[in-house]
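Student: As given, the protein sequences belong to chains A and B, one line each in that order.
According to this note's numbering, the first sequence is numbered sequentially starting from 435.
According to this note's numbering, the second sequence is numbered sequentially starting from 7.
Everything labelled a hint here was simulated from the structure, so no lab data went into it.
Keep in mind it's a predicted model, so treat the numbers as computed, not measured.
Cβ atoms here follow ideal geometry from the backbone N, Cα and C, with glycine treated the same way.
Any given hint could be a false lead.
[What the hints assert, rightly or not] Here are the simulated distance ranges between beta carbons: (1) A:Ser-443 - B:Thr-69: 40 to 50 angstroms; (2) A:Asn-512 - B:Glu-74: 37 to 47 angstroms; (3) B:Arg-38 - A:Lys-472: 47 to 57 angstroms; (4) B:Met-142 - A:Asn-512: 36 to 46 angstroms; (5) B:Lys-151 - A:Lys-486: 45 to 55 angstroms; (6) B:Ser-251 - A:Ser-511: 47 to 57 angstroms; (7) B:Thr-325 - A:Arg-547: 17 to 27 angstroms.
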Amino acid sequence: MVHTTMEGSLFEPTLYIVKGMCILDNDGNRVLAKYYDKNVLPTTKEQKAFEKNLFNKTHRANAEIIMLEGLTCVYKSNLNLFFYVMGSSHENELILQSVLNALYESVSILLRRNVDWRTLIDNLDAVMLAFDEICDGGVILDSDPMSIVGRAALRTEDVPLGEQTVAQVLQSAKEQLKWSLLK
Amino acid sequence: MSSFKRDKKEEEDSGGNPYQNLDKTIVLQEARYFNQTPVNPRKCCLILSKVLYLLNQGEKFTTQEATEAFFATTKLFQSKDVMLRRMVYLCIKELSTLAQDVIIVTSSLTKDMTGKEDLYRAAAIRALCSITDSTMLQAIERYMKQAIVDKNPAVSSAALVSALHLSSTAPDLVRRWANEAQEAISSDNPMVSYHALGVVAGSRKNDKLSTVKLVTRLARSPLKSPYALCLLIRLAAQLVEDDDSEASQPYIEFIECCLRHKSEMVIYEAAHAIVNLRKTARDLAPAVSVLQLFCGSSKASLRLAGARTLARLTAKHPTAVAACAVDLENLISDPNRSVATLAVTTLLATGAESSVDR
Chain A
435 MVHTTMEGSL FEPTLYIVKG MCILDNDGNR VLAKYYDKNV LPTTKEQKAF EKNLFNKTHR
495 ANAEIIMLEG LTCVYKSNLN LFFYVMGSSH ENELILQSVL NALYESVSIL LRRNVDWRTL
555 IDNLDAVMLA FDEICDGGVI LDSDPMSIVG RAALRTEDVP LGEQTVAQVL QSAKEQLKWS
615 LLK
Chain B
7 MSSFKRDKKE EEDSGGNPYQ NLDKTIVLQE ARYFNQTPVN PRKCCLILSK VLYLLNQGEK
67 FTTQEATEAF FATTKLFQSK DVMLRRMVYL CIKELSTLAQ DVIIVTSSLT KDMTGKEDLY
127 RAAAIRALCS ITDSTMLQAI ERYMKQAIVD KNPAVSSAAL VSALHLSSTA PDLVRRWANE
187 AQEAISSDNP MVSYHALGVV AGSRKNDKLS TVKLVTRLAR SPLKSPYALC LLIRLAAQLV
247 EDDDSEASQP YIEFIECCLR HKSEMVIYEA AHAIVNLRKT ARDLAPAVSV LQLFCGSSKA
307 SLRLAGARTL ARLTAKHPTA VAACAVDLEN LISDPNRSVA TLAVTTLLAT GAESSVDR
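Work out the full structure: start from the sequences and follow the hints.
Tutor: Next comes the structure, spelled out in structure tokens:
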């Protein structure tokens, strides 16, 4: 019988719910990843193998959720980025989903709705801080994107023009133009 | 898909990805730049994120390399740039397990934790607790207690979550903070309330009587935070499992009440608990009908949650699940393969011969 292995069990009353979070590029390579449980995928080698497997199983179908290697993984993709949140297979899927939403939405706000690989790389520090604000050692720290972004200390855009590089000035001009067109 | 791929590669070639082909020794050399005054926040942030990126990719740092990088990072405390300071905290946390003599930053972090800048305080608490060992905990105990009941939710949550982590190494000390944590359960902020409940419940883990008191009290004045409610349902369910006499009736009632909550997360948590606790098919009916509804949801995670819990139920109550056969049959062709597989196996386990043809 299939079901003897997954017979009824209550969820464990713990705050340590998130086993891992990662962002992969469209080749399945790690852009950022954090694993929070020493007993789950302890080495980088295992983690990266898992990420490859996860990517292969998920990059074509945007099916939101998958059970893989004893973990429940919720995911979401945009253009060339893939966002994943992992939890134990004995976990409330909807809690994991709320963490994924928090991750995706906060990154999206941080990147000013340009959720693509290039913009992410240019703002990697802010995204690292967002990771840190969403989950602390496996405990969900915050799930409200606005408050996460507020805590991740958005870089103040008041750098004097003289200290910006040409590329930065061009980038911000491009962004302003794009937003004015989108309005 | 392939066009996106090409886009990215082209960009990679022209745009100059600062994280491509990073070399550890070069990055560590760049970290020496932290000694220069005045500090250039943007430049230092980039170097710190390179260090963090390398660690994140699994690059191995020797103790000496990590210690050098750590000490270079501590020089950046002289800058007041918020973003940079936050990156410094992050580096401290990541390097704290690899480097030696990390307690050197204790005083800087204690200063930030008790300072005026709220954005510093929350993050400083978390960084401080990651470098502090149980012998040094007493020195910061007073500040921790204050922080737990702080008005700023970020500060309060940071202190509570740190307390939770510390309770694995210094349970007795953390237990002394339970009064403050207790107070924080009634916070208006949903996360603070959740974290506080976690700390209090953790400190009472081996004391059944006080857990009973806690759950009874909170079940009567329901919590606002959906996460806290999920945790409370788990605690209540555990009490029922330990003792399923008449005495546990109020907990069952509380959990059933949560089936009518407005948050899907809480509804599912309650349904899952009931399915695993209740013995007769009649008692199960309200929970099963909720799960049935989930099976028809447009969100895949809801369909999976519903189908998975029903699948688990087949072993105990095949008849209760058989009533959902039609809903499960609809899931056989589900675009999500995990959902479809679950539906098929469940139907095979419960199905009558008549339904096999369909």
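Student: If you test the structure against every hint from before, which numbers come out violated?
Tutor: As far as the earlier hints go, 3 and 7 are violated by this structure, in ascending order.
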